[in-house]
Amino acid sequence: MTAAAMPSAFRTCPRTGLKVNATAEALIKANAVAATVALLVGGIAAILVLLTRWQAVHLLPADWFYRILTIHGMSMLIFFIIFFEMAILYFASAVILNSRVATPRVGWAAFWLMVLGALMVEATMWTGHADVLFTSYVPLQATSWFYLGVILFAVGALVVVCIFFGTLVVAKRERTYQGSVPLVTFGAIAAAIIAVITLGHGAAIYIPTYLWSLGIMKVDPEIYRMVWWGLGHASQQINVAAMVSVWYLLGALSVGAVVLNEKVSRGAFALYILFISMASAHHLLVDPGLGPAWKVWNTSYFMYMAVLASMVHGFTVTAGLEVGQRARGLTKGMFEWLRKAPWGDPGFAAMIFSIVVFGFVGGITGVTFGTEQINIIAHNTLRIPGHFHATVVSGTALAFMGLTYYVIPLIFRRRIAFYPLAKIQPWLFAIGMLIFSLMMTFAGTFGVPRRHWDITFSGAPFDVQFNPAVNLVMGLMALGGLLAAVGGGIYILVTVWSVFFGERLPADAYTGHGLPPGIVTPPKPIPPGEHSKKATGTLVLVFVFLAAFVAYYFINWKLLSVVWRIG
Amino acid sequence: MHTGLESPPRVWWTPIHGAERIWVSIAFAWCLVLFAMMPLWHLKGEQNPSGIRHTVEPTRYYQRVQEFINQYKVGEEAGIPIVAPPPGSDVYLLAQMWRWSPILKLQKGVQYTLHMSSLDVNHGFNLNPVNINFQVVPGYDYALRVVPTEAGDFRIVCDEFCGIGHHTMVGKLLVVDSTGAPIAPGGAP
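Keeping their order, the protein sequence lines are chains A and B. For the first sequence, position 224 (counting from the first letter as 1) is numbered 233 according to my numbering, and the numbering increases by one without interruption. For the second sequence, position 129 (counting from the first letter as 1) is numbered 827 according to my numbering, and the numbering increases by one without interruption.
In case anyone wonders, no lab produced these hints; they're calculated from the structure. There's no promise every hint is true.
As the list claims (entries may be wrong) - So, partial list: chain B residues that the calculated Cβ filter (under 10 Å) puts toward chain A:
(1) 714
(2) 729
(3) 772
(4) 779
(5) 780
(6) 788
(7) 846
(8) 859
(9) 874
These figures come from a predicted structure and were not determined experimentally. We put the beta carbon where it would ideally sit given N, CA and C, even for glycine.
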């Protein structure tokens, strides 16, 4: 069954000119809806966790706190993110390459398998049979149905990754595109390869753990930590690769950002693939199981080559915006290209905030805490969730939110409901998460532990006094979190309403209200001829970034140098 | 010029342009600095998580801690023995749901070999308010050479989730100065 034999299965997108396959579109919709449901569950859990850690409210009892915290982690980091990434994989293969989906029926089977796995995990967690938190460190034990649910979900995801590769082969063979795949698809390929590595680690740890929960075999707690983090951290690198692809995608859609140099951008994606699975080490730096040479070598991702990749993307994405804008006439001064950018376009705003918070907060803190010795003053404190809420929430989730404002018109073919709310949503969410993650990081600097129900330690044999600043910092953290929750709530309201009750768009043209500017008035074509690749504005910005990085990194060495001598 | 949504021109392996070349070089140099700092700190720095690492049967470790407590016990607080080991010796800390034992009484400026392990699940050693953190894993003896550089009355908070009583898992660690004088706020035995 070739594409030519089934012309009715395709429509042509009036905005992008891409040929969109009906099955691909339906699979994207299904996965996006599942992702949003998971986000809603995880979001409600987030608010409950936040209102408990904010000692002034201290909402939940201890057992429900850890239960809801488990639900928050699994619903967000596994179900929301991975369902959304499945949608991105179908988009980046079938839609961008004008192709059909390799095996549509298997695609649906995989989707329902993932839904089944997710429901099993949710059921065990909500009924109190899996109070083991996201990491489920052995020998803490959940019911075996929990591990089985995770395995089924992961198998489904692995099948979708295989369909993605199959679709690439189909597109190539049926010549649905010319030359090399576009950069956005290349980034998705990187994410998919990392997903295979990650899910391999997942199988290597969840299958033995499942058998352990049935009493069939033993699992060493330290080996568990090492292999589990091969899943746990590497899966965050799927998110990074997918997020960077979305940056390139949103840049292209909203302002027609260009690719400065394919070799550099693709090389940086290749660095992710090569060195990402070493990131497991970041979680074992102050563990008893491993020696310093292993820790130094692995935690540095083979001498920080994956960090280099992110620093390269931070530059090339931004410079691509600048060069594209300049080529369209916004050439005045250093920053006219940025000042006159469409800040009211929720897709554009989400992308910019995603880049800034991911880089400045998530990236800098992550590399610093992931330094072997500095980890002594960071491990298991609130500095760690402070870091990863800046990367995976303000970075990945925010980029995905921005993408949604293009997916709703282009794939669901609906107008965005409550558009004025949608316009401010990325701002609220980004500012809220920025405050939240910074305050969390500060609180962690005073040694406040993560994953802790009560930092007044009621019922403990000895009292614990934190620095008096901690109360204030935790209060500000709560306010930032609530602001972000408002932003998240608006996102869910807007997407659910648009998708189910939104006004349908006419098939031939995208005009009128409820659409981001990048869709109503697509970026002007770049006038023919030679264009300068000058990116001085970006160069200034990245040097500001580097200065912040160097300062934060060495301040932490200074903080470390005053604690007790340890060797 | 093309966007990331379009297939690139047939030949895209082209030389790197000015600003991009500058940034890639600087970023690479910075990555090398990041890498060099870790081995350098092993040579010159005084805080490293290396330690002496062994596997140990949890019950065997438990026995070792009991022997240690019996040998050097000087008192008791909140049902937890207080132990004053000789300067420079091997000292043992046991993590279990949901307590740290014993209460160690150490001397300022003296090096001890601090052993840590768990009887049951993962726990987290968080020395308050110094903010020193180590993972405590059952089956593994993590022995760190530690020099307390300040006298005082410290707490050990558990910072790895270990079940419903996690928040009650608070231990105590005392550091006296060289005269053995009672220490300031909180008061030592």
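Outcome of the hint check:
1. Among the interface hints, the one on residue 714(B) holds; its C-beta lies about 6 Å from the nearest C-beta in chain A, closer than the 10 Å criterion.
2. Look at residue 729(B): its Cβ gets to within about 4 Å of chain A, closer than 10 Å, so that hint holds up.
3. With a cut of 10 Å, the hint placing residue 772(B) at the interface with chain A is violated, because the nearest CB-to-CB distance is about 18 Å.
4. At its closest, the beta carbon of residue 779(B) sits 12 Å from a beta carbon of chain A; the interface hint therefore is violated under the 10 Å criterion.
5. Hint on residue 780(B) is violated. Least Cβ distance to chain A is approximately 12 Å, over the 10 Å limit.
6. Because the closest C-beta pair between residue 788(B) and chain A is about 15 Å apart, greater than 10 Å, the hint is violated.
7. With a least beta-carbon distance of about 6 Å to chain A, the hint placing residue 846(B) at the interface is held under the 10 Å criterion.
8. Of the supplied interface hints, the one on residue 859(B) holds, with its beta-carbon coming within about 5 Å of a beta-carbon of chain A, less than 10 Å.
9. Violation of the interface hint for residue 874(B) is found here, the shortest Cβ-Cβ separation to chain A being roughly 15 Å, above the 10 Å cut-off.
Of the numbered hints listed earlier, those contradicted by the structure are 3, 4, 5, 6, 9.
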